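Everything in the sequence shown is counted per the working numbering, starting at 497 for the first residue and increasing by one.
Quick caveat, the hints were computed from the structure, so don't treat them as lab data.
Estimated spans, in silico, between C-beta atoms of each pair:
hint	residue 1	residue 2	range
1	V565	H523	21 to 29 Å
2	A513	T533	30 to 38 Å
3	P535	D564	31 to 39 Å
Quick list of in silico lysine-lysine cross-link-like pairs, BS3-like style, CA-CA up to 30 Å:
hint	residue 1	residue 2
4	K530	K520
5	K568	K520
6	K557	K568
7	K557	K520
8	K577	K557
9	K557	K530
10	K520	K577
11	K577	K530
Since we're looking at a predicted model, the values are computed, not measured. All residues carry an ideal CB built from backbone N, CA and C; glycine is no exception.
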Amino acid sequence: MARVTGTTADTSFPGLAPGRYAIKAFHDVDGDGKMATTPFGMPTEPYAFSNDAVGNAGPAKWAAASFDVGAKALTHTITIK
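Build out the structure end to end from the sequences listed, making use of the hints.
Here is the structure:
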């Protein structure tokens, strides 16, 4: 979880090994710690994926959402709509 300040939230992952990663994030509007969905599994809370990749009837594809993490610090921005 990341604390929201104004309209942004920041988090860090210290010690993350270099490699290829993807991020999924959601705004836990009801505060229950999990993504709320319809009975059919469709999200009812705002969500997003790294690279602002878009899913089609499911999560974004790995190729669209993934990015490389190297030894240097990296900042990655995700817009939750």
